[in-house]
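Visitor: Given next are the chains, with one letter for each unit.
Protein chains: 2
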Amino acid sequence: MSRDIAWKNFWEDRVENMISFSDIEHAYSVLKPLVHKTPLLSSRTFNSITGNEVYFKAENFQRIGAFKFRGAYNKIASLTDAQRRAGVVAHSSGNHAQGVALAAKLFGIKATIVMPHDSVSSKVEGTKGYGAEVVFCGTTIDEREKKTDELIRQYGYTLIHPYNDPQLIAGQGTVVLEIFHDTKDLDYLFVPIGGGGLVSGCAVAAKNLFPNVRVIGVETEGANDAYQSFREKRIVKLTKVNTIADGMRTSSVGPLNFEIIMKYVDDVITISDDDILPMMKFFFERMKIVVEPTGAVAPAAVMKNSLRMQGKKICAVISGGNIDPALLRQIA
Amino acid sequence: MSRDIAWKNFWEDRVENMISFSDIEHAYSVLKPLVHKTPLLSSRTFNSITGNEVYFKAENFQRIGAFKFRGAYNKIASLTDAQRRAGVVAHSSGNHAQGVALAAKLFGIKATIVMPHDSVSSKVEGTKGYGAEVVFCGTTIDEREKKTDELIRQYGYTLIHPYNDPQLIAGQGTVVLEIFHDTKDLDYLFVPIGGGGLVSGCAVAAKNLFPNVRVIGVETEGANDAYQSFREKRIVKLTKVNTIADGMRTSSVGPLNFEIIMKYVDDVITISDDDILPMMKFFFERMKIVVEPTGAVAPAAVMKNSLRMQGKKICAVISGGNIDPALLRQIA
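Line order of the protein sequences matches chains A and B. Residues 0 to 331 (numbering that gives the first Met the number 0) make up the first sequence, in order. Residues 0 to 331 (numbering that gives the first Met the number 0) make up the second sequence, in order.
The following block holds chain A by itself, in its conformation from the complex (with noise of 0.2 Å):
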């Protein structure tokens, strides 16, 4: 877990004003009435067993079940009345999309999302019970990316991008604001990282809140890219994603999200789908929280690097609650 000084006094140069802490403090003004302070919960045993003091800042308790309402809600409120009046569009196969949807409902303006014809059938719900129009497309991203484009030129809409916007970013940093109204000391932050919206936000929130934080990002092996952009210090795009954490198979971080994580992350890990499950199995037995899979990998690299951390104050974010039912029965 360590950074070189030269490269990360060249990427500061480069992200300067771009996103600053002001940006999410500006961003929880608008937020607070609308976001549910989500609470930070720790257990004896998982601090017994890691040998820390580790605390879960609970984004499965966020409104939709994730993170996600954040960043939508202050990107939409960021918009012109003309923007809004003209409606806005997502492409999302999950979280992200009922996001956009929830806020969109608030601000009484249309959202169309595009969506995989082979969603999730809950989550297509979800989206269209929020009032969102849903857009079914093929199943790669690039066919998502073109649909989305095509109803941007036919009808004006505005993309609510899943994490490589400014404003978004900013809202979803506001967790970190949350995290520290409860605790004001912190030795490691954990995030984990899908196209690099959460920890980006949160890695500025936390280098001006924590003076002494580490911020670590958390991939799954099987959808490594940040990791291996982090290491080559260039955005690394993969060719093909496997593993059971679905907010994490973006094939690549955006631009600005890397130029972020190369500035502020000290260090970007990887945890393996064999660690995912015992994990959730340990929220659900033991915590009585239902964390989805993605929301499981923060909370799972504290566990696999409790060895080479011993009485530290740890926060890692859960992102999100909302699991398949098919993956709760194979959790049974």
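Keep in mind that the hints were calculated from the coordinates and are not lab data.
Copies of the same chain look alike in the list, so a pair counts if it fits in one copy or across any two.
Distance condition first, Cα-Cα at most 30 Å in a straight line; then the derived DSS-like pairs of lysine-lysine:
1. K127 <-> K303
2. K183 <-> K36
3. K104 <-> K311
4. K31 <-> K183
5. K280 <-> K104
6. K104 <-> K312
7. K280 <-> K36
8. K311 <-> K36
9. K109 <-> K145
Source: prediction; values computed, not measured.
Using the hints provided, position chain B relative to the given structure of chain A.
Guide: Then chain B, alone, in the frame of chain A:
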């Protein structure tokens, strides 16, 4: 939901001084450093469906995953040093076993738990995990009581009764002190009834803290002994019980519980087993929390009776979250 004033006065005289509000306050001074102050949860969706402002007291987040730790600890705290040195015994196939085991462990004393030999292995392991000795017996209540009596005669153990005990009842009543800490007015309090320990403690506390609250005890139709007892104004003992709510599989409430119920509980109502699974599923899918069948009984009763209550402020106690994996697969 009506009461007979003459009968109320009759029971009032009998219950007097058996257990008072100050016993519950004292219990909380003992328990406060040890119990989790469990959250009061709410759901926009549940409120909107039921037309009420509903809070769930989440005792599934209590230590051992259920409220039972409160009463067990308060009871053991009330024993003499000599009694504690001799050790305690309890018979239970469920949460009371783990409550007694953990409380005994914290006091550093010996606990022996008599369990039917067909107990769910996770509960047996849980009980052993807290350091208690498990003694197996046959599957009937009579066999359990006989084995327990034998152990008491042989070793001088003190019985920690699962419900018919004043100190234990006072401990369970601390649930309502915590509710009062979070909200100062309630129209209704819904509490599940198994042997009656939780409802009797909660009713004494609620009638002292919330001047206008109506306390509603809830059972399942397949174990409706308290429902019948309340109506017949005598303890009705069932010859068989049949419900998925394992915490309700008692054939009758205790005499002490019965007298408190007659004095302080405004009505006892029933729901069917079919009401339980959808409620568990709602907690799981929408609120991301794990609730056991008995824990879903009071919330399900709020749902079922919501046409008769509109615009009310209601609290329903979730008694626990220790769910069998087999049942989990069923709701998934």
